[in-house]
Amino acid sequence: MSGITLGELMRGKSFDTCVGRSALEIIEPIFSRITDGNRELKFQLTGSFPSEQDVRLIIAGHSHAGALQSALLAGGSDPATNAIVKALGMAALLGAPNEFYWKALLKLAPNRTVAIVWRGNDYLLDFLFMPYGFFDFVNSRRPKLQLLSPWDTYAQSRIGRMKGFVTPTIKRLFSLPRAFHRLFSWRTAACEERVADFERSCEGTLVPEQLVREHLGSSLSGLSTLIEQLKNAGVNRIFLIGTPAPRGDERSVFAYMQEEPALMELLTEKSARYKSISITPLSVRIKIWATLQDLMQEFAASCNVTFIPSPEETYSFAHGLKSEFWSNDLTHANYLYGRIAIHELGSILEEAHRDA
Amino acid sequence: MRKSPFVTFPAKAFWSKSVSSGWSARKLVSDSAPLLRGGDKIMSAGSCFAANIIPHLERAGFEYVRSEWLTMLRGFSFRAAPENFNYDTYTAAYGNIYTARQLLQTLRRSRGLFKPKECVWEEEDKFTDPFRPGLRYFSRSMLEFEMLTRQHLNCIVDGFRRATVFIFTLGLTEAWVSRADGAVYPSCPGTIAGAFDDAKHKWINLSVDETRSDLNAFIREVRAINKNLRIIITVSPVPLVATASRRHVLEATTYSKSVLRVAAAQVAEQNADVIYFPAYEIITGPQAPADFFESDRRQVSQSGVLAVMDALMSASECNRSDFNRGLRADSVSLENENFDRLASKIIERECEEAIVDQFRSD
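As they're listed, the protein sequences go chains X and V.
Per numbering that gives the first Met the number 0, the first sequence starts with residue 0, numbered consecutively.
Per numbering that gives the first Met the number 0, the second sequence starts with residue 0, numbered consecutively.
Derived by calculation from the structure, the hints in this document are not laboratory data.
Glycine residues also receive a C-beta, built at the ideal position from the N, C-alpha and C atoms.
It cannot be assumed that every hint is accurate.
[Unchecked claim] 25 Å max Cα-Cα, derived DMTMM-like pairs, lysine to aspartate or glutamate:
1. V:K199 x V:E117
2. V:K125 x X:D151
3. X:K143 x V:E122
[Stated by the list, open to error] Label pairs and their calculated CB-CB ranges:
4. V:S206 x X:E297: 42 to 52 Å
5. X:G233 x V:P54: 53 to 63 Å
6. X:K143 x V:K114: 22 to 32 Å
7. V:G111 x X:E98: 56 to 66 Å
8. X:N303 x V:N83: 27 to 37 Å
9. X:R250 x V:A271: 51 to 61 Å
One chain only, chain V, in its complex shape (with noise of 0.2 Å):
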């Protein structure tokens, strides 16, 4: 008599078993070879919940690399405010990567394999670069624009030499480009700064075979700079704060995030030293507790992020006592915070991407 193979798959294989009863988040990444290896070297980009993360992992010990400074200049106290964003946040002030086609974009622009056409939005003494559209730190002549655009983009490619781990969480399918070569923006002309202009500018919403295409190229390109580097893809949680597609955004957000995850399952199967990091099963998963989500049910809150930060440090050879210390002074914190104070908390660290959101009509 013929058994049913099942009878020999694992129990993670069986909801009843692994998600009914016995859930732990730490044993849906059980079987992954160490994610994060004692002293690697961790870049990181994406969207707004891949700058969650990064304090987490310097806490566990890690080394988060970081090859360009904005404000917070080694040695130099400014009397400044912070930069915008999550410009000062990540490795290069690159700032919130939403799509993988605007990650490839930018790596090909750091080697300068791409030079975008509209490449600066030029107002009166003002000169703002349509790929960090928000950035406080604006420049003030063309030649300051030049420069430190040059500088900003070898301190990228200085980053992906250095690092031996990069991290890159996938948030949007949706993106605005330019109609004379593609270019993608991190958001859309108009919203942050420059003037959306319907003859230059084109909303895209890419799908599995173009996200795949991009991962894969970007995979490729980064390895010619430094061949050994792995890289764990993830898919962000966080709910499209809007849609441009004329649909609900509840169904366009399910669209976008399934794309992004068949694309990256795709990716990490076809590509050595690629693995995919659960952290969209973690948050949005039918286990997961509703405090997972704040109350607006888009931006996930800290025992969300410890959730997932947990799982990834159970299958990496990371500190454990520093990061479980970090973990508890995080409970505490979360307890002693009153709600206010967390929403302007997160409110504080929100992405460019909300600002789509004033633009509603109530």
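With the rest of the complex left out, here is chain X (with noise of 0.2 Å):
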């Protein structure tokens, strides 16, 4: 395990993992060859089409691409699905997001439209867990998310609470089995005693918006460079794809830690060495998201690129990714967000097509 990081091994989670093994068992991918130089690159495009010539758009990008992947070899099972894939002839690059998948990608980009989905894990490998008390911050777009006790309080007293919010505790955050109370030791009083003021003593730390925006915004250096070659490639038009909300479940994450004993063993080395380590509240997670959020959409109107948000179905900022887009992992949506993406991707193209 030494020399291990936490987000190396989530990091490391196989693609078809994130996708979905069953699903990708569902219909036969489309195989296809490109030449690079002497070398040929293999790459799997998936949907329902006789030939690669017949694709107009494809969705590319990192593991969260996999639930609109998986949607698309779903598609069959939705009628209004399949239509929307095959009106757009829509379809997926398949394979691990390295060098070679990129590459592939610049290859089929000419005169076909791409929809990128770009990382969106970033911050929870960063912030999943909090080894020394909190920090929070203030999202200036949406200041009436909530904030952590003690800041709450003062937040609230400004400018109310958004409708739908528990006013949350620390100590109400983690309600979390003794198991892991034993394991990992909550420092919540010290926090509650001061609930009125802005003490130190709860080890919490109220930073700066402008930090997590500059932290958030090094994960999209790579994207531009990105945009820049598939617009010099030729491709019609590009369309940046929001990243799905965080789950609002510790106890799934402490499920899924028991059942990844690598994780675990990293956990509990983490916590000896920090004495007490807790997960990031869910207020704190879904604020670092909806940053990202922002970032991407700043990002794609300065690269003249439309952004697609995460459908507002799927989630709400009180309690995270609604449970029905779960996927079988800590961070990933299913299929059926998917879908909906899939569905909000057509709109704005149709749209686009009848202002046309």
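Work from the hints to combine the two standalone chains into their complex.
This is how it looks when you write it as structure tokens:
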């Protein structure tokens, strides 16, 4: 285990796991070959098409693309989705997003539309656990999003509260099984002593949103290069697809951990090192995710690319990704989510077609 | 026959015996009670020179109190550039505090005793703290600004509560203030952020009486938070980067440093547990080697800082072996570094005061 970070472990999850192996087996993918210099790149496109020539829109990207790809693979079971997929000539480029994957996308891009799903999990890799108390921040676009106490008390007095939130306390957020209480000594008492104040005793820190934005923004650095290359390659149009909200179930995180001995071992090791270790409250994870979506939207606007936000019906700011859209792992959404995203993509293209 | 009283005076009272020959910066502080004691928790503030001594204090085994973390939040490694200037350096993120009045104002603001009328500079999506105008990670909304500022001010009080020693380095007498309520800005509005408005802002040059009065008020008020806090006052040897006094900057520097030096001495004499530490004399006295300043004759060189720290540690209960090891490492790194790299290191540590220099008309 030494030298392996939690992030590396999670990044190391195979692409097939993210997409859902059973879905992949539903239909036969199109296998194509592209020549790259002296090498031949083999890639998989999936969709209900007789040949590669019929494909007009390609969904590609990192692991969150799996939800859309699964929806394509399972498209036959939903006539509405199937109709959109056929009408748009939609297919997904499968494979681990490595150098060859992007090369394949660039080869396929000319005269086609490309919908990119870019990363979107980094914030969880970086901030799923908080070893020393917590940090929180104000999302200035959505100032009513809840803050951890004691900051929330102040914010509520200034701007009120969005409907649907249960006023959070750190104790309530962490009503976890006793076994985990023994493993991780939650720091709650000190926080609740001074709800009305901003004292440091809670070991939580309010950080500037700008700092969070700069951190998250670094995950988009490779995207500008890809978009530039796609434009140079003669792509018709580019969409950037928002990534799903975090799921709001701390228990499932630990249940998942229990099934992954490597993660448990790592976590125990971290816990010993940091004395206590806590899962980041959902309210903070949602805010970080929302900030990432803001950055994607701003980034897309700056590159003249259309951003398709995560569908509103799939999440709430109070509870995160709705349970019917959870996949069988910690961070990804399932094919039902992908289906809604495909419908959104279809609506936007249809609207654009009408306008044209 | 009556003898001259000088007969009984120690060698240090005579230039010929203590400066012309036998010079040692350590002897300058040898009579002081231990300036820093084992187990002391140190908080500091002041001009850029004050920031330079912090790593040396930590290396000597002292605990430097840190109550506010910006980009260096424990347990998280933000992929983000460090804060500008010295905001991340001090106990709380107040950055450089150049005047006694700014120090007093900072304490009063942190205790809720002073609320400046011009408390935020607002642009679209950017809310700047006039008292921390160079923050890289500014607020993006008024709510965020209010909350981060409250947190910051509470961290200052927390720092004063936890510290056993407070070191303050006086830097300037010149300051830009609000005409409305006298609030002191760390830099002239419009220099780093905000906009200068003659109807709202004015320049002042604090006198000895004003500086002494501000320092005395600070000592009285900080001891309301922490009655046992010991205070060490120093004067920064770094000359003014620019003056608004319409005099030559060298003349203005001499005036400022003289005022600060006199005020510091008077305050140390008038208050228990307040000691003046002669960093200014070690660097600027005629005995000081030319290389205590860099070629611009303004920046204090690494060897100058080390000389000050050596004197401070000689009068402190510190882990000498740790400190000496640090000194040797610093000396070796100094020898190894070429001038360009050293200069760039210094520029990196430059304070917001120096931004004024960019406005000079060549």
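Here's how the hints hold up against the structure:
1. V:K199 x V:E117: 9 Å, holds
2. V:K125 x X:D151: With Cα atoms ~22 Å apart, V:K125 and X:D151 stay inside 25 Å; holds.
3. X:K143 x V:E122: 21 Å, holds
4. V:S206 x X:E297: 42 to 52 Å: Hint holds: Cβ distance 51 Å, inside 42 to 52 Å.
5. X:G233 x V:P54: 53 to 63 Å: The hinted range 53 to 63 Å holds for X:G233 and V:P54, with Cβ atoms some 55 Å apart.
6. X:K143 x V:K114: 22 to 32 Å: Between X:K143 and V:K114, where Cβ atoms are some 26 Å apart, the hint holds.
7. V:G111 x X:E98: 56 to 66 Å: Holds, since V:G111 and X:E98 (Cβ atoms, about 58 Å apart) stay within the stated range.
8. X:N303 x V:N83: 27 to 37 Å: 32 Å, holds
9. X:R250 x V:A271: 51 to 61 Å: With Cβ atoms ~59 Å apart, the hint holds.
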